[in-house]
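Chain order of the listed sequences is A and B.
Per this note's numbering, the first sequence starts with residue 1, numbered consecutively.
Per this note's numbering, the second sequence starts with residue 105, numbered consecutively.
The set of hints was computed from the structure by calculation and includes no laboratory data.
Virtual Cβ for every residue (Gly too), placed ideally from N, Cα, C.
Hints should not be assumed to be uniformly reliable.
[Unchecked claim] Chain A is faced by these chain B residues, among others (derived, beta-carbon under 8 Å):
id	residue
1	Asp353
2	Ile356
3	Asn358
4	Trp368
5	Tyr380
6	Val383
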Amino acid sequence: MPEVDFFHFFRKGVGWIATVYATVVMLQSLYGWWVYLAAGDRYTSLMRRYLLVQAVRLRFWRFAGDLAVCVLLCVAFLIIWRAHYTIYGIETALADGPRTTQTK
Amino acid sequence: MAHEPPKPSDAPSHPGISPLPRVPGSKLADLPADELERLAEELGLEPKSHKTKLHLVAAVEERKAAVGAMDRDAMLDVVRWGRRPVAVNASKEQLALEIARIKSMRFDGLSIRGLMVLATMRGMKVTGKEPPEAVAKALAKQEGFFARVARKRRAIVGKWVAGMIGEEEPADGEYQFLPSEQQTTAAAPPPARKEKLAEEIEESGLFGGIASRVKKTADVYLNQKLDEIEQRIDRKLDEIDRRLGEWRDKEIANRIRIMKITLWASVAVAALSLLYSYVSVYFRTR
């Protein structure tokens with residue numbers, strides 16, 4: 001009978017469901033904006049230009065602190081992710097170690 | 105860099121005045137009588153003083169030729185003196201039309217060349233070499249006895265009315281030409297002609313002068329109100345733009361906050377998972 005780790009099962013399940021849900025919602029939203037802004041009428045053209053103007057007038061440095069925190073959190077997340085594989089590697093090495101010594 | 109004066113255009117000097125029709129001399133005789141008379145009046149001629157249509161045609165042709173031979177700067181002097189609303193690049197015909205509307209007999213401030221142009225437009229034969237005093241005297245003589253008496257009477261009535269309503273002395277602002285069509289429409293409009301009520305009544309009569317003053321006052325009031333409305337709209341648009349900018353910044357800050365919370369939660373769960381993996385590996389391998 002396979003050994004089930006419920007913590008990892010829950011963690012991976014939630015991770016996959018949340019990722020797929022967020023991706024689908026984001027793509028739907030992007031598609032909706034694309035369809036709206038791709039129209040050729042005068043008012044949509046005005047709206048396109050207005051959005052561009054608003055984007056150009058955006059002061060990036062106002063949000064620089066928060067964005068830096070986000071980047072650092074992403075880096076921390078990647079490091080922790082890699083640490084998982086390091087621990088799994090240690091476990092494999094420890095599990096393989098005694099067998100190797102026995103064959104000698 | 106030298107400033108080049110704008111070239112004369114055929115556009116009307118201001119919206120209320122239509123340009124003179126460009127009718128060749130040979131076609132003038134074909135015009136209907138009323139149109140010919142209107143054209144003659146616009147050029148400062150008296151249609152009734154010409155016996156036949158042919159005489160009037162000849163007079164109109166002569167006046168048009170005289171306008172064509174006039175010095176444009178001298179015509180601008182007259183327009184400036186008479187404070188008529190014209191664009192600086194108005195054509196000679198448009199300037200002549202405006203000069204013909206000037207009825208003033210107060211020649212103070214008019215240049216000599218301007219006086220010659222005015223005299224020509226009022227039907228006098230001048231060579232330009234006459235002394236200005238003589239020309240002014242001839243113009244006054246040309247006005248006629250009854251017209252002068254009527255003007256004096258109107259002047260007295262005008263002073264009386266002006267005194268009655270307590271009109272203040274208008275400030276003599278520098279004359280400004282109307283903006284030409286090539287210039288931007290955002291340019292400030294020229295100030296309204298600051299003429300005394302007494303002078304207006306003297307030139308146009310009691311009712312004409314008062315009506316003109318009421319019209320000008322209404323125009324000034326209307327312009328002020330329109331300016332106020334425009335300024336209010338501009339302020340509103342600025343306010344809307346500022347609020348949209350604030351809303352955009354708040355929205356972006358809010359999205360970034362949500363992203364940060366999600367990342368904090370992900371990192372916390374990842375750390376918990378790491379701890380759990382470490383503990384489970386530690387105990388499994390013992």
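The hints, checked one at a time:
no., hint, verdict
1, Asp353, "holds, 7 Å"
2, Ile356, "holds, 6 Å"
3, Asn358, "violated, 11 Å"
4, Trp368, "holds, 6 Å"
5, Tyr380, "holds, 6 Å"
6, Val383, "violated, 10 Å"
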